[in-house]
Amino acid sequence: MSVFVHQSSRVIIQGFTGQHATFHAEESMANGTTVVGGVTPGKGGQTHLDRPVFDTVSQAVRETGADVSGIFVPPPFAADAIMEALEAGIGVVVVIADGVPVQDMVRVKRYARDRNAIIIGPNTPGIITPAACKVGIMPSHIYTPGRIGVVSRSGTLNYEAVQQMTALGMGQSTSVGIGGDPVNGTDFVTVLRAFEEDPDTDAVIMIGEIGGPQEVDAAHWAQENMSKPVVGFVAGVSAPPGRRMGHAGAIISGQADTANAKMDMMEELGVHVVRNPALIGETAHRVFS
Amino acid sequence: MNIHEYQTKELIKSYGVPVPDGRVAHNVDNAVTVAEGLGGDRWMVKAQIHAGGRGKGGGVKIASSLDEVRQFTDQMIGSQLVTPQTGAEGRMVQRVLVEQACDINKEYYLGMIIDRGTQRITVIASESGGMNIEEVAKTHPEKVIREAVDPGVGLMEFQCRKIAANIGLRGKQIHEASKLMRALYKCFREKDALLAEINPLAELNGGSLMALDAKMSFDGNAMYRRPAITELRDFDEEDPKEVEATSHGLNYIALDGNVGCIVNGAGLAMATMDSISFHKGKPANFLDVGGGASPEKVGNAFRIVLQDPNVKIILVNIFAGINRCDWIAEGLIKAMREQQIEVPIVVRLAGTNVEKGMAMLEESGLNFIMAENLDDAATRVMATLQGQAS
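As given, the protein sequences belong to chains X and B, one line each in that order.
Under our numbering, think of the first position of the first sequence as 1, with each following residue one higher.
Under our numbering, think of the first position of the second sequence as 290, with each following residue one higher.
Chain X extracted, bound-state conformation (with noise of 0.2 Å):
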């Protein structure tokens, strides 16, 4: 198996005729992912890239048995896009838009509770189970099918941490881009738990970004529940501490949230920290094998 996506996956793609998502959904088909359709309201009834296009996600869950969607469409109409798709039943919708203003993102997630669907994203590269399924707009060559999940807020220091694990001959059974955004569809514990279950995972890399306490909340969970080994990063050591407005910001994180104070927590929870990006695939390596 893998986690939330795999071969028998049926994706659909929301704003399915435009730009982005034709050459994004184009690449996925060809590299093994079963789009079955596509969304384009006031569209239904055409016929896109050879797959029928619906007006409702409803329909086209109706009409092709559609689990997995991945939006394309513009942030401001994110929100929308990401319900309508729970409420269609959806299992896995996965949000590429950078930008969804993030108090939208707060009413999805409280229409979300209660739904038992996966939302990956937003601002994500999106979620490949290597020669399987890809959902999103990362480049396929880079990934190869193997027995280690990658879970990370960032895109390209996901695709930089991937290379560096093929370079020693590393695969991945699953890759999420949880998205860099403060309020996020999918915590990086729900993955941990998704790939500690999952029976072809033997490890995992889990790449996290200064603020906010999801990291270090994993790794207490990773400390109590899983018996697979997890390597981390936190990117953001050299950031500067930022002209803040107000105090608010430092009250609620208790000001631990630095990528330093994050890597040390999760090194005494039991986490195989590297200290330099460039070392991820290295270590990774040593401690896994």
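To be clear, the hints were calculated from the coordinates, so they are not data collected in a lab.
Since the model is a prediction, treat every value here as computed from it, not as a measurement.
For glycine and all other residues, C-beta sits at the position ideal for the given N, C-alpha and C.
Check the hints yourself; a few may be wrong.
Said to hold, decoys possible - Here are some chain X residues pointing at chain B (derived, C-beta under 10 Å):
id, residue
1, K109
2, T156
3, I210
4, I251
Please arrange chain B on chain X, whose structure you already have, making use of the hints.
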């Protein structure tokens, strides 16, 4: 996006949050006229810049006469105000807020923020407001109340009453505070704020509550639907290089090192800076060229990075996903030929069309220092810098 105190106060007042009577003034005569119009015998004169700690830098004064209003305004307007948050160069004061001074019994703290932990709008309140609130939060965390808001129903009155009672408000203050919090929350929601802060929230002689200082910042990604807020943006408060970068679709932040960085993706940009730091170098900037970097965008990135006179070397690190290495290479070659770049350039390319991009750079005959991977790139940057020094 941040706005000034006087703008914040006008905004929250329109939602029903009590603020002192006052108006903004752009020159000395204007300030005196405002004070006269307000009446009374004591006025606050407050420098309007987008940085905290103004009191510590002499940007907040109490005037006991119109002469003092004149004197303080004259000192502030046109000066560079240095506060713990502005950096050593300070910030030019262009206007002051003149307000009626009030007698206060006690200072509370009230903030609202989108908390990354709860992933919700969260109210923060404390009985110990004022300048040392962060210290209080560290040493007496029990004095800081947090209450997350369910976005399905909004901030409920019972939550406000609970917060008010827990910070020690009593009697009709509880209802007053509740009304104030709900007004602030409504403003936060309707204007797509990321932060709203009233510090201090003052209890006046007589017991009523008032927002003596107020700050708000807003979600840039949502400003397309908040034109009234967008109009409040003050470009004088922003780094001109950062403003220029944004206009080219680049994300740039100036730092104090000498290694210029041009990278795609925020995470890789940070990791590149981290890698330079790991090799004991100092990045001069953060720069994310974003996805779909055209040759023009790369040219603009060079122009902005080179405006910083401290830059002694540039590291270009591109991992092309939706980007293409051949576009980047085209931009690099053009920039080198057109901009007479004198500093050495270390280039690391990976991802889509990497062979094509590398071949273009080689065939150009220009002097790029090619790196194989991230570690190699940082190593070459440091070796080149040391070669220059010796």
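Hint by hint, here is what the structure shows:
1. Evaluation of the K109/X hint against chain B yields a held restraint, the C-beta minimum of about 6 Å falling below 10 Å.
2. Interface hint at T156/X: satisfied, since its Cβ lies 3 Å from the closest Cβ of chain B, which is below the 10 Å cut-off.
3. The closest approach between the C-beta of I210/X and any C-beta of chain B is roughly 7 Å, which is under the 10 Å cut-off, so the hint is satisfied.
4. Because the closest C-beta pair between I251/X and chain B is about 4 Å apart, less than 10 Å, the hint holds.
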